[in-house]
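Protein chains: 2
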Amino acid sequence: MVAKSVSTPRKVSICECWARDGLQGEDGFIPTERKVEVINRLAAVGFRRIEATSFAHPRLVRQFSDALEVLERIDRPEGVTYIAVVPNSKGLDRLLESCDRGYGVHEITAILAASEAYLQASLERSLGEIMPPLADLIKRARRAGLSVIGCIGTAFGCPLTGDVPLQKLIDLTDWYLDQGASSIMLGDTTGEANPAGVAEVFGLMRQRYPRVDFIAHFHDTRGMGLANTLAALQQGVVLHDCSLGGLGGQPATRRPKYHDGYAGNTATEDLVVMMSEMGLETGLDPAEVIKTALLGEDVCGRPLLGHVTRSGPVQHRGRKALNPADLSAGQEIPPSLFFVDGDRTDRRSLPEAIVRQALENNWSRTDALSLDLSRLRVGERIPDRGPLITRLTVVESDPSRDRMALEIRSLRSDGNACLTGRILITFG
Amino acid sequence: MVAKSVSTPRKVSICECWARDGLQGEDGFIPTERKVEVINRLAAVGFRRIEATSFAHPRLVRQFSDALEVLERIDRPEGVTYIAVVPNSKGLDRLLESCDRGYGVHEITAILAASEAYLQASLERSLGEIMPPLADLIKRARRAGLSVIGCIGTAFGCPLTGDVPLQKLIDLTDWYLDQGASSIMLGDTTGEANPAGVAEVFGLMRQRYPRVDFIAHFHDTRGMGLANTLAALQQGVVLHDCSLGGLGGQPATRRPKYHDGYAGNTATEDLVVMMSEMGLETGLDPAEVIKTALLGEDVCGRPLLGHVTRSGPVQHRGRKALNPADLSAGQEIPPSLFFVDGDRTDRRSLPEAIVRQALENNWSRTDALSLDLSRLRVGERIPDRGPLITRLTVVESDPSRDRMALEIRSLRSDGNACLTGRILITFG
Chain A
5 MVAKSVSTPR KVSICECWAR DGLQGEDGFI PTERKVEVIN RLAAVGFRRI
55 EATSFAHPRL VRQFSDALEV LERIDRPEGV TYIAVVPNSK GLDRLLESCD
105 RGYGVHEITA ILAASEAYLQ ASLERSLGEI MPPLADLIKR ARRAGLSVIG
155 CIGTAFGCPL TGDVPLQKLI DLTDWYLDQG ASSIMLGDTT GEANPAGVAE
205 VFGLMRQRYP RVDFIAHFHD TRGMGLANTL AALQQGVVLH DCSLGGLGGQ
255 PATRRPKYHD GYAGNTATED LVVMMSEMGL ETGLDPAEVI KTALLGEDVC
305 GRPLLGHVTR SGPVQHRGRK ALNPADLSAG QEIPPSLFFV DGDRTDRRSL
355 PEAIVRQALE NNWSRTDALS LDLSRLRVGE RIPDRGPLIT RLTVVESDPS
405 RDRMALEIRS LRSDGNACLT GRILITFG
Chain B
5 MVAKSVSTPR KVSICECWAR DGLQGEDGFI PTERKVEVIN RLAAVGFRRI
55 EATSFAHPRL VRQFSDALEV LERIDRPEGV TYIAVVPNSK GLDRLLESCD
105 RGYGVHEITA ILAASEAYLQ ASLERSLGEI MPPLADLIKR ARRAGLSVIG
155 CIGTAFGCPL TGDVPLQKLI DLTDWYLDQG ASSIMLGDTT GEANPAGVAE
205 VFGLMRQRYP RVDFIAHFHD TRGMGLANTL AALQQGVVLH DCSLGGLGGQ
255 PATRRPKYHD GYAGNTATED LVVMMSEMGL ETGLDPAEVI KTALLGEDVC
305 GRPLLGHVTR SGPVQHRGRK ALNPADLSAG QEIPPSLFFV DGDRTDRRSL
355 PEAIVRQALE NNWSRTDALS LDLSRLRVGE RIPDRGPLIT RLTVVESDPS
405 RDRMALEIRS LRSDGNACLT GRILITFG
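These protein sequence lines map, in sequence, to chains A and B.
All the letters of the first sequence, read from the start, carry residue numbers 5 to 432 under the working numbering.
All the letters of the second sequence, read from the start, carry residue numbers 5 to 432 under the working numbering.
None of the hints are false.
Each pair may be met inside one copy or between any two copies, as identical chains are not told apart.
The calculated DSSO-like cross-link candidates involving lysine-lysine, where the alpha carbons are at most 27 Å apart (straight line), are:
hint: 1; residue 1: K261; residue 2: K324
hint: 2; residue 1: K172; residue 2: K143
hint: 3; residue 1: K295; residue 2: K261
hint: 4; residue 1: K324; residue 2: K172
hint: 5; residue 1: K324; residue 2: K295
hint: 6; residue 1: K261; residue 2: K172
hint: 7; residue 1: K295; residue 2: K15
hint: 8; residue 1: K94; residue 2: K143
Because the hints were derived from the structure by calculation, they are not lab data.
Throw the hints in and build the complete structure from the sequences for me.
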């Protein structure tokens, strides 16, 4: 087979899995209204593929005992595809009833695994017991108008048996396509994948099945979630899975643990920032995704594993004009530096120069703004020479008025503040 | 300029930066003997480039007040290159004295930054004040026989001013090479880089300077450390920096913070596992690197940010024969699955079948081993059908004898143990 030249797609489609793959490992039951709150926020900030719940047996995974209620209560904005995992025919019965009442999903995920041992550990049945009813399930779902994602778990290695032969992925893909699956998910269930393996596997699979939509689904168990996502992107994969805060892992049941460490999905907020920074079209605003991740942390009651929730998105600075509509009270503006150079700087005009530079560092065309600095105070002495780090915080930003107020704190290198107070800005 | 086709190098050289870039952000002083312990362990497990300390002013960064003592006390195994950061001529005086007494380093790192504001914030001086003495410092170091790494900080973006023009990297590289620098480090000081930018920057720089050794130095502030490392590898970069546990960040001084979040280096243990899994020659055994990372956590007194310290390395299973010399008492063997299939399994031979499969899952050629199972106990009933997850722990492994003992625990899917006790193995 001749290798096709592939390249990173310009536009990607991200499936947010927090409400299913994320929550399945949570011991505590998350109240239905909070699940609904997060799912609605995900749709509102622009996710167009959302894994909403699972029809696992409610006694086995209590977290999903409210699957029907979640589907009944979430908003249904146009253009959003909702997805549910359906592991067996009883689950499909429940889902189809919900569909009939107008509260279904658009796609279901059927689950198999490249490692038979892993599949037996998760489903407590042999392959011979699992596959025939799964084939029926897929056909019934297709007849009911649902698309089916054929998930192949442990596609890059198994925590119970180790390496997985590529032929197994081909056999299962063939089987899924024969049953009518509309896309194939290669799942790195417990984070065994590495970028070289991902490139090889997705490269070969996309050559073999050029018209099939493949979904890259990585877990960040060994910190390689984003590197593997990059490798999949470079093989032209458009569909990518992730979960707010890197939430996820083995379902919370009484079953013995089959892996060590924290096996959550790649963190949505980090993945979105990476893709946005790479210039890919995600349809998402990283700042809004970060806020949603913080909501996810609030719902889970603890800090999760995303990085950009702590650091903020990358600050490119100065590209946009200062606009009160972009800012809200309490918002912190990233820091700026002013270097006091004794010989060159007129000390009387220093406070204004410091303020002007902080504005200029963050927004374009700031020279036309009128500043009222009468409420600025000089605390510790401004040094004759040396750096000042200045932070601005939005005090008031009313887009309907032509003024806004910012709090300023300008710190010397000994950590003491030399300039504090309030700046009033009037727009011309 | 015509793009050269580049490819991932077969062999990489990893510089471990824990003792300098890692420790610089620690508030508490790490005792000298513990720094020496980690540095010696790094050399013992196979790192061939180790950043050992900094000659920053001891009053400014107290962590490095023992720089000379560290250099005097560390082992000096052949083939290991030790590196120190030298920010000014007084630091170089101290280092050269140490060199004269036989305790120096092989390379020093000189520091500049693509963002002038960042440089001013870190060094409290203007560029005009910094560059002439730095040029002298580099020349003196070269005359003293030291190699010089020209570090360009904030090479992929600045937390104080935002984007950085590529021309700035070219200007600083030219300047460093004119002064006699032997390699150029592009430092992503606070994690602004993304894989597309990394590919562009390293691609262009390596085209422009084909004979220059470039060092990729990423911080994991936004979780992209490994993805950026991958992008640099794909541009042919051989020299990579990292720090145990992802330790690092802004130096612990009184200076105001110029970034949010946790801005440590890419975690060494995760980077080594990724590169090993990709089949690159690192000269390192991931399991030993993970143990060293756990030592780093012990020294810092808290869990750090590596992933593989929690998950363990990827388990490929069954590739090596069982050898007592590879195992030590207390070592846990990754779990295995046995599926009890009522129709097919003779219940009397089940315990042995479970043990045999657990061995076979982990090592090759286990059928020839003699097993003494007389100390095996059946606890809860073995189910007629369903999965068992079995874990082995090494009890005794004396390579000089031809026997070894393993503890076994085989758990049913309700979490209860059905097989426990001890297995004695005799080698034929």
